[in-house]
Amino acid sequence: ATPLTMQAAWINDAEFAGYFLAMDQGYYTEAGLDLEYLSGGPDVIPESTIIAGRADLALTTPDTTIKAIVEQGAPFKIIGAQYQKNPIGIVSLAKNPINTPQDLIGKTLAVPPVNVISVEAMLKMNGIEPGQVNIVPYAYDPTPLVKGEIDASLDFTTNVPFTIQQAGEEATSFLLYDFGYTIYNDTVVVTEQVLAEKRDLLVAWLRASRKGWAENLADPTVWPPKFADTHFKGTGRSIENEVYFNTAQKPLMESPEGYFALTEDGIEKCLSALGEVGIVGSTDMFDTSLLAEV
Amino acid sequence: MAAERRFAGVRNALILLLLWEVIGQLGLVAGGALPPPSDILIRLWQDRGDYPGHIIATLQASVAGFVIGNVVAVAAGVIFALSPPMLRLFRGINIAAFALPPIAIAPILALTLSGMAPRITLAALGVYFVTMTATVIGIAQADSRAKDVVRAYGGSRWQVLRLVQFRGAVPSILAGLRIAAPNAVLGAILAEFGGGGRWGLGTYLLGSLGRGEPDRLWGIGLIATLIAGLSYAGFALLSRKLLGATKAVTLNAAVPTGKGDSGPLWARIGMALASVALPFALWWALIKLSGAPSMIAKTPGDVFTYLFLAPSAETAQAKLLAALAQTLPITFIGMVAGLAFAFALAILSKLSPRFISGFMPVALITQTMPLVALTPLLVLILGRGTSLTLWITISVTFFPAFVTLAQGLALVPRSAEDLPRAYGASRWTELRMVTIPASLPYLFAATRLTVPRALLGVMIAEWLATGRGIGNLLNQSRGYLDYGMIWSVAAVSVILSVVFYQLVVVVERRVLGRLGMATSE
Amino acid sequence: MIQPDGISLDGVSKTFSGRGKVVEALRDVTLSCPRGTFTAIIGPSGCGKSTVMRIALGLESLDAGVVRIAGEPPLAAARDGVTGVAFQDAALLPWRSVRRNIEVPLEVLRRKPDAGHVQAMIDLVGLKGYENSLPGELSGGMRQRVAIARALVTHPQVLFMDEPFGALDQILRRQMNVELQRIWAETGSTALLVTHGIDEAVFLADRVVVMHAAPGRIVDVIDVPFDRPRKPPLFSDPAFHKVCDHVAEVLHGG
Amino acid sequence: MIQPDGISLDGVSKTFSGRGKVVEALRDVTLSCPRGTFTAIIGPSGCGKSTVMRIALGLESLDAGVVRIAGEPPLAAARDGVTGVAFQDAALLPWRSVRRNIEVPLEVLRRKPDAGHVQAMIDLVGLKGYENSLPGELSGGMRQRVAIARALVTHPQVLFMDEPFGALDQILRRQMNVELQRIWAETGSTALLVTHGIDEAVFLADRVVVMHAAPGRIVDVIDVPFDRPRKPPLFSDPAFHKVCDHVAEVLHGG
Ligand SMILES: Nc1ncnc2c1ncn2[C@@H]1O[C@H](COP(=O)(O)OP(=O)(O)OP(=O)(O)O)[C@@H](O)[C@H]1O
Ligand SMILES: Nc1ncnc2c1ncn2[C@@H]1O[C@H](COP(=O)(O)OP(=O)(O)OP(=O)(O)O)[C@@H](O)[C@H]1O
Ligand SMILES: Cc1ncc(C[n+]2csc(CCO)c2C)c(N)n1
Ligand SMILES: [Mg+2]
Ligand SMILES: [Mg+2]
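Protein chains in written order, with the numbering used here: chain A, 219 to 512; chain B, 108 to 628; chain C, 36 to 289; chain D, 36 to 289.
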């Protein structure tokens, strides 16, 4: 087996269940890969890891990746996308619901600093001036939302509503995707050099990962409990949370063209949405040929 | 007496705990976002299976970092105390080690080192400056009368150091180690945020953040505090044992034989240039040696290009200046507030040791509890304005200053304090006329510790809560892989810290010089 | 009404338990100095003289006994500005000039320093010209003189001095003896002087208290009958020598 | 070959420019103490006695002049373990016990402390039982005695003592005088003693150097002719008094 290293985008949670399954079931080994999996975290910038040569491929948010290609000349290629629809959305409490961008006017919205321009783009697309919404930093803890200090937060809609339910509140949310900010997420990114040198391995990785995801999402409640003592051990999260997450993310990942699909339409939407933010990408930043081989 | 005092300390801590319980149970603070201790304990018990792995990981990194950082710090402190030119030469580097925002360096460390190394490095960086400063001041304040004895017997510089200065510096170094303990633990935890590992209290905290369960977060914070607290208590005890009756009997009146800025003008100018150039040279060399890709690791030249020559330079400058304009004013206020708070506490520690021993656990929590975990609570109580920034800045700055100051106050010889007492002076008059002036060198050392931290405190508040200034700029830039901006912010924040620091040094030299006291800088 | 004693110690005991050993510094020391009298304490090194003084000043806790200064507990008396003190160690504040060191007690007592008076004290101890020097720039004897000036500057009603002239040369010492007597007589203060000079003790004091060591205790109180003001020729008076010899005998004997 | 002097200062001048004022501490001081002689320096407070000593020890820079200790520059002599010193201020290391304070010079000179000898020194100064006490637990006079023991512990060939007996009572002082004479004679060392006691100077010294102040200078060197070893009865010898009177005259006169 040939070694291959992947950098995930966040700590171990259901967002990466498909990879865990593929690892545990030996799909990567079958494909001739000796996969090393690196967990992420809030201060881990996956693109940096592949630039530094610490990993061969990384799961990224496309806005960051494409901005880096455009502005820094980073030699990245996107060879797949885990989420066909970005799960990031505006989450609020049902008792103070925010169901559309218009509802945000005059409200306080917590956004991770990285995502501020995405939110501003979405607001602009919906005819709202950024000044009309009070944007404050968000550090992934929903307590201020639950306590009403903020009215809404930008977070993974697949995840936080569960926490809010646990806290005894009802959550409501909408995806940025559904209001014009049509980007992928957890895009699979490699450097041009790796693409050239390890193309076969990458194809093998995509194939094995697809298999893992298909099996995992066949019944989203089955696999997370199996990782309780392995991949999910000591993460501080609960298995119920992962099941919720896994279930919620299923519709966002599925595509008629299979998992990781990069469709012409999808790429077009992604690029045009980013264009609104001032990130002018192009189709040649995507390499769909590997998926074609799978 | 001693037993009574210890009892009073325990009693005060218990009262505090009880108060906390009541507040927590009734949800008096922040709509119940502050969990009562009982909930935290119950939660700790429920989570007991998770903890061992995380504790071991954090313990390994923080202990290794603590040991390495302190060994280097004491060695460096000795060298700097013996050779003021070296101290000047390394000032920029020393301050950078203290003032560089962990959020900026953690990712870089993770990319250039592997395994536990990034965590150990960050923990070591967290302790280095504090212990080094404590060593330098301890050595500089050594009693010249005792030095004369050794010198009169032909004692070498080394013997003077070993027999008099180093031993004399032990109380001060122990104070440094006390501050270092929480710094090491926090450093290790912060490194986990950028490292992507599976184990460690920081990692556990990350996973728990999204749960919106403050009792878990507090549990993690309290375990970290416990680790730091044990170390703190150990060194405090050692310090009390060692110090006891061994402080100087009388004040040393001797005026330091001023060497001053010696040497010809060209040598002094050369020295000044070298001390400015060296940090940049080292920065450049480290980047080259680490072999990190140039898109990530920027040399001083790259930063210059980014800020002044590149096509995007103007935008970058504008962003940076706008952010600085937001950050700087509050930094000044935060610096003063942090120092004032430390000063008030230090005075209180002299006037009412019991109160302080009860307060100490609270102080330690503020030092080891990662602020990310506290932010929700803080914003609920204080909002997201100036008062929050000030409180965060105070919490980031006061502790080293407080311990240093308290140490200085504790070292004042009995005979000096007898004088005002014999005239029936109030405790306050005694402090004002004798104790505080006698410990001025420590007051300045404390100020020097506060200055670089204040900027860091403001940046953390900006990053976590207010979304303004260079703290926010730094965080946003990370998301866009705008490493040019990341390094610019880091460089500017270090340069600012150095400038503030230098201002303090100038004032310190003038004041202490006028009063006939030895300066450590 | 009976006026209270200037200084009164009643059954005072004090034991130190240091690291090295346990020392019974004072055992049942009773001493009363009526108002306006001059008392000298003499005794071997380590017999507890300084401890007596520090206890009378309220600087040291006692194991047993009662102390009154002008009828008040020591700290209250000190607060009222009754006491003046020169410690065995000059205990100058190194960062303050000679003048500002002398002004310390005035500041503590919140009295306005009278520049002329402070200068007079400086001149008295022969430090004219050194007003602005720091203690580190003075010789050992000069520092001690600053401490003397500082003890006198508040016109204390009760004056404590712990070997104030130890580092001075003979002439200066005699001069200071005479000056001290003059100031004491002028102010009508109660004085307690610790000294190793038998002649000095006899020249200055109304009563010489002799202490012995281990445990520290008072073995005798010797009255000195000479008229006031005493003049330097007294030093060569045979009667004077007789008293001195008596003191020496008690001091050295049993 | 002529043996070099034990201590020799040639045309030494020293001016301090402190913050208070400029002080000419020494002007053209020339002094030579042949090997094995005992010299006492006497002079008013602030005349530069301590400065002479500190210069001879290499602790103070000079403006002009040459200093030799046993033929060597001060620092070289010190390194060779030639010198012993007791400062005016006891200058003990506060964290070291009495015994360990006395051992300091031995440690500096990398000699192995001989426990018996160190104990003998402790007994000599009457501190038996206080071996493990810290300086903070001693009286003023006791601290000074530790400094004396420390000065003697290295069997120095050249011994400097700056008012070592200032805080001691008369008897102890006399005892120490006698002991010092004995040790000095036994070791054949060159001794330089700064003192305010004229009788002490005359009793101990072969020559008494009288200094005057402002500027600090030597005004006379008076030979003391008495045989060795000198015994305490000498103190009451009329010849002794005559020398003392002469010293006093030079000291006070001029
Ligand atoms: N803080 C202390 N801790 C322990 N022992 C002490 C302390 N202070 C004084 N002593 C002991 O108490 C005794 C008396 O000390 P004190 O200073 O009163 O002596 P003294 O008569 O003033 O002597 P001297 O003439 O040498 O100054 C000494 O034996 C000393 O060792
Ligand atoms: N470091 C210094 N800076 C300025 N002046 C000094 C310094 N040291 C000593 N002097 C001055 O030098 C003069 C001589 O001082 P020195 O200590 O030699 O006197 P001394 O003869 O030992 O006096 P004493 O008997 O009082 O100890 C004094 O006038 C003193 O003010
Ligand atoms: C791929 C990925 N990126 C980030 C997070 C953590 N997270 C939750 S919401 C949010 C803001 C938008 O990125 C972030 C960073 C995650 N769970 N998965
Ligand atoms: Mg005494
Ligand atoms: Mg002197």
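It cannot be assumed that every hint is accurate.
Claimed, not checked - Calculated lysine-lysine pairs in the DSS-like style (CA-CA distance at most 30 Å, straight line): (1) D/K147 / C/K56; (2) D/K147 / C/K277; (3) C/K163 / D/K56; (4) B/K426 / A/K342; (5) D/K163 / B/K348; (6) C/K147 / D/K56; (7) C/K56 / B/K457; (8) C/K56 / D/K163; (9) B/K348 / A/K416; (10) A/K429 / A/K468.
Worth flagging that the hints you see were computed from the coordinates, not collected in a lab.
Index of numbered hints that the structure contradicts, given in increasing order: Numbers 2, 9, in rising order.
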